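S.K.: Order-wise, the sequence lines are chains A and B.
Residues in the first sequence are numbered from 12 upward in steps of one, following the working numbering.
Residues in the second sequence are numbered from 986 upward in steps of one, following the working numbering.
Hints may be right or wrong, so weigh each one.
Below are the DSSO-like pairs computed for lysine-lysine, each with C-alpha atoms no more than 27 Å apart in a straight line [what the hints assert, rightly or not]: (1) A:LYS90 - B:LYS1135; (2) A:LYS101 - A:LYS126; (3) B:LYS1035 - B:LYS1050; (4) A:LYS390 - A:LYS101; (5) B:LYS1135 - A:LYS340; (6) B:LYS1054 - B:LYS1035; (7) A:LYS123 - A:LYS139; (8) B:LYS1035 - A:LYS90.
To be clear, the hints were calculated from the coordinates, so they are not data collected in a lab.
The model shown is predicted, which means the values in this text are computed figures rather than measured ones.
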Amino acid sequence: MKLFKKGKLALLAGAMAMAVSGAFGNFASAADVTINMAVPDWPPTRIMQDLANKHYKPPSGNNVTIALDFIPWPNYYEKLAASLTSGEEKYQMAVSDSQWLGAFIEGGYYMKLNKFIDADPELQAIFKDLHPNLVASYSTYPHKTDNYYGFPQMPDVLVTYYRSDLFCDAGEQSAFKAKYGYKLACTPQEMNDTDWDQVRDFGEFFRRASGDSLAGQTLNDDFYGIAYQAGIGYDFNTMQINGFIWQHGAGIWDETKAPNGQALGVVNSPKAVMAFEHYLSLLQFMPPVVKTGTMDIFKTDELFREGKVAWNIQWIGFGESAISTETSKVASGTDFAMMPGMRNDDGSITRWSNIGGQPFILTTWNSDLVTQESIDFVKWWLSTGTQHMFAAAGGQSGLQSVFNSEEYLTYRPWNHAFGPQLDWQKDVWHIPEFFELLVQQQQTFDKAITGQISAQEALDSIAAFQDELLREAGHIE
Amino acid sequence: MSKRYQHQQGLIAQFISENRGPLLVTPALAVLVLMNIFPLLWSFGLSFFKYRANRLNEPEFVWFKNYIKILNDPNVWDRFQTTALVVSIDVLLQLIVGFLLALLFQSQFPGRRVLLMLVLTPMMLSFVAVGAFFRYYYEPTFGLLSQAVKAITGERYILLATPEGALAGVIFADVWMWSPFVMLLVLAGLVSVPKHLYEAAEIDRTSAWRRFWTITFPYIRGLLLLAILFRTIEAFKLFDLAWIITEGGPGTSTETIAIYVYRVAFQYFKTSESAALGYILLFAVIVLTNLYLFFVRKRAAEEDA
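Full structure from sequences and hints, please.
M.R.: Take a look at the structure:
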């Protein structure tokens, strides 16, 4: 009995010692790590913060805080650029537009990730599962090389938002058929099979004046058929015009062909001019603000949610506000489809479009510990379970295993358009001179949008500017 | 307490009492040097280098190359022309409106104080608020201006669709915001005119124009020049309103030189070129200031004579 008692005491003491040493062991090894991340302030990053707060448990056992610094979109680039270049080393991670890769990699701010990917089978599996267009656009610099710098945070594509309550209205259906001789698209499947000629008809057909009837209701204000971005700010006309250019078989200056790829003769090729004229020809069916050159994605979003247009092309990132009754007057009558394209002779549609969305990146000043924690966070974010949670909350996933799954289609009404549209994505330039190219192009496109110059004059001016700038920078020889 | 310590304390007290003035202004001077003078000199030095803040390359001394490049850049001259046009029309309109408002508020009438407060409100608002307000005001789908014109003509009015309209829109917003400032200055001049001069003029049966020209104007001339100086310098730097209302468009028609400096510095990241452009801008403002001082001195000389 005594022996037993002694044995029990020894066991208890041993267990306590183990518990205490374990507890202190953990206490000693658990480091406090804060990952400050610059992010644009919009639903996909708000959802990420929410999911991280609720579900992220660092595998290292460290106390990791994911602190997102929400910055409004309109001045996001300037604020991030100012922080990076000032040397304050405030952010350990950032959500970055893919076009900024060149500028900030050349500046020495974005960390190259190859050695981490090479050493980590889990990351390799993630990269294998990601859609290749996302890897090319969000990760590589120089573009389409094997140098990786980013992981997809929120992949985004342009899709069609349309008023199914109008497009499916029996009266509108019969009136459209009588006028144009074919059925007005109603279901998302029918809308997926839409080309730009049909879009023109939508624009003309749904243009109504105050006092006219629309789906059996008398309008008390003017109503417009179609809308897409045509704004002078940031990239708010380039993103749409590039789609037209690629769909017509023309091209923008191709950085992957540097230093032999030319701007002159490519940017202003006859096909490119035709494509731009095509883009311009549809503006007449849009709300009058388009004539001011300020109809950016925020304005088209507002016009759609206010019930002023029947059909709109918009980034998926705006989808949540379009179907929420709190923010949209047309929430219950909105549906989604792929962006239209050019009809081919065989009936298929060429749908090239400019990719949206953003990767997140790691900054070069991170310590090994912070880098490892950041990569662990990325792996958690790009894990199948988290990506399903993100998609269920309104985000998009770039993992093929996720967006091709049956349940993915059930999360949101636009998800059916996302996967197929991803196959048609290209990206604008990633070189450090990106912003100079973009600003001149935006302003020159805007002159054509506001009727000051022709499509030919605009593209000639852009081609000449790009040729000079790219030669000076050594991208064209 | 040792004698040595007491001696040291005495020396410190003596130093403070002998240098109280310089010591009082030292903190202010230190802040000025740290926050203004040093960055000014640093950026001036930078303007002679080839340097971009977002590149790893070491700065390279290039003498006046940045200045030569900027002065040969047609974009710069185009933006200067736009700015000159904005400044001329903007300041002229502010003077006219401000002057008329001052004449109105010179006299006493019921509700004057409330009205005066309302008129002064625009210049107390932030640029962003005024810019956003006018952007919506001019917006052709929802905007008040377009709706009002449509109620009369049946057609929507799209002010910002043309370069001229966009310029007018930006200028109108700036005039709305800053005319009250001119009014305040002119009003200060108007109330300082001795009443007996007007009474004497009335006895002499002088015309209203002659009364204005010989009595009123000399009193407000100095303040008007001050208003011109302040408003010209401010209008020369016009950024916020144009950026928010038109984003410099259509095309580049409302892109002022201040917006262009911003693009060169923070979008193109041509740091040293933007510093050089900033100094050219500063030079232009200094020239304007000296023109003002020239007229003030001329006036003083005339008065002395």
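S.K.: State for each hint whether it applies.
M.R.: Structure-based check of all given hints:
The hinted pair formed by LYS90 (chain A) and LYS1135 (chain B) fails the criterion: a straight-line CA distance of about 41 Å is larger than 27 Å. In summary, the hint linking LYS101 (chain A) to LYS126 (chain A) is supported, as the alpha carbons are separated by about 24 Å, within the 27 Å threshold. For the proposed pair LYS1035 (chain B) and LYS1050 (chain B), the alpha carbon gap of about 9 Å is at most 27 Å, so the pair holds. With a C-alpha separation of about 22 Å, the suggested pair LYS390 (chain A) and LYS101 (chain A) falls inside the 27 Å cut-off, and the hint holds.
Using a Cα cut-off of 27 Å, the hinted pair LYS1135 (chain B) and LYS340 (chain A) holds, with the two alpha carbons roughly 24 Å apart. Distance check on the hinted pair: LYS1054 (chain B) and LYS1035 (chain B) sit about 12 Å apart at the alpha-carbon level, within 27 Å; holds. Proposed proximity of LYS123 (chain A) and LYS139 (chain A) is supported: the alpha carbons are some 18 Å apart, at most 27 Å. Our distance criterion of 27 Å between C-alpha atoms is met by LYS1035 (chain B) and LYS90 (chain A), whose separation comes to about 23 Å.
When the structure is compared with the earlier hints, a violation turns up for hint 1 alone.
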